[in-house]
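Given chain A's structure and the hints, the job is docking chain B onto it.
Listed below, chain by chain, are the residues.
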Amino acid sequence: GALVYQYPRRTICKSGTSMRMECQAVGFQATSVAWYRQSPQKTFELIALSTVNSAIKYEQNFTQEKFPISHPNLSFSSMTVLNAYLEDRGLYLCGARRGEAETLYFGSGTRLTVL
Amino acid sequence: QQKVQQSPESLSVPEGGMASLNCTSSDRNFQYFWWYRQHSGEGPKALMSIFSDGDKKEGRFTAHLNKASLHVSLHIRDSQPSDSALYFCAAIYSNNRIFFGDGTQLVVKP
Numbered sequence: 001g002a003l004v005y006q007y008p009r010r011t012i013c014k015s016g017t018s019m020r021m022e023c024q025a026v027g028f029q030a031t032s033v034a035w036y037r038q039s040p041q042k043t044f045e046l047i048a049l050s051t052v053n054s055a056i057k058y059e060q061n062f063t064q065e066k067f068p069i070s071h072p073n074l075s076f077s078s079m080t081v082l083n084a085y086l087e088d089r090g091l092y093l094c095g096a097r098r099g100e101a102e103t104l105y106f107g108s109g110t111r112l113t114v115l
Numbered sequence: 116q117q118k119v120q121q122s123p124e125s126l127s128v129p130e131g132g133m134a135s136l137n138c139t140s141s142d143r144n145f146q147y148f149w150w151y152r153q154h155s156g157e158g159p160k161a162l163m164s165i166f167s168d169g170d171k172k173e174g175r176f177t178a179h180l181n182k183a184s185l186h187v188s189l190h191i192r193d194s195q196p197s198d199s200a201l202y203f204c205a206a207i208y209s210n211n212r213i214f215f216g217d218g219t220q221l222v223v224k225p
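Just so you know, the protein sequences line up as chains A and B, in that order. Read in our numbering, the first sequence has 27 at position 27, and its numbers run on one by one without any break. All you need for our numbering is the position in the second sequence, starting with 1, plus 115.
The shape of chain A in the complex, shown without the other chains (with noise of 0.2 Å):
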């Protein structure tokens, strides 16, 4: 079946510093690759779309500056926090399509909590 497993489940961070997440399509080609936050409200932001044979593409107040993607096969995606404050908290969820026609398949996520 489809899974995509998310690495870290949980990280902490200091107020300033960065944190590298990662995320692994397993079982399938992901066609692409979403990357979402979802907020303590549990509400869900889009933070950028990367898809094969395209630039990633960032959503309104998400930059590659802050947020910059890493996409360097099918299988696997990295996004990194720079300089994380509290505003960045929440659990950031990668989704992986293999198809225009098919669901996301999302990770359980990496809950960031920033001191």
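Honestly, I wouldn't trust all of these hints.
[Stated by the list, open to error] Have a look at the derived ranges for each label pair, beta carbon to beta carbon:
1. A/Y7 <-> B/K160: 12 to 22 Å
2. B/G169 <-> A/S18: 29 to 39 Å
3. B/S141 <-> A/P72: 15 to 25 Å
4. A/Q29 <-> B/H186: 33 to 43 Å
[What the hints assert, rightly or not] Using 30 Å as the maximum straight-line C-alpha spacing, the simulated DSSO-like pairs for lysine-lysine come out as follows:
5. A/K42 <-> B/K182
6. B/K182 <-> A/K66
7. B/K118 <-> A/K42
8. B/K118 <-> B/K182
No wet-lab data here; the hints were simulated from the structure. Quick reminder that beta carbons are idealized off the backbone N, C-alpha and C, glycines included.
For chain B alone, coordinates are given in the frame of chain A:
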């Protein structure tokens, strides 16, 4: 801007009852709607999709889509305590972006 409005924010139904959740897209250029369910400590998992007008039934779950009004609903009949979770609708737009509603916290009381 593409956005999905979801209601209600929370819903409590007795065991065996019917739960109804609703979503409306702000943009008619959607391709599909998906319904997701999220349990605490996990990522959301897809329940079912719908892209044609009308009803789509999968077991106790029925999705209904009205493209003209940009509205989708999910109905859970014979609700069980194990159905208690956070439910999200998601709209997949023609530009490949996927936006989620703000979620409905469903509680099914035994």
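Q) CA of B/K118 to CA of A/K42, is that 30 Å or under? A) Distance of about 16 Å is within 30 Å: holds.
Q.
Within 29 to 39 Å: is that where the Cβ-Cβ distance between B/G169 and A/S18 falls?
A. violated, 49 Å
(Q) Just to be careful, I want the Cα atoms of A/K42 and B/K182 compared with a cutoff of 30 Å; is the pair within it? (A) holds, 27 Å
**Q.** A/P72 and B/S141 - C-beta distance against the hinted 15 to 25 Å
**A.** violated, 35 Å
Q. Is it true that the CA of B/K118 sits at most 30 Å from the CA of B/K182?
A. holds, 15 Å
Q: Starting from B/K182, check that the Cα of A/K66 is at most 30 Å away, please.
A: violated, 37 Å
Q) Taking 33 to 43 Å as the hint, is the beta-carbon distance of A/Q29 and B/H186 inside that range? A) Hint holds: Cβ distance 34 Å, inside 33 to 43 Å.
(Q) Taking the Cβ atom of A/Y7 and the Cβ atom of B/K160, is their distance within the range 12 to 22 Å? (A) holds, 19 Å
Of the numbered hints listed earlier, those contradicted by the structure are 2, 3 and 6.
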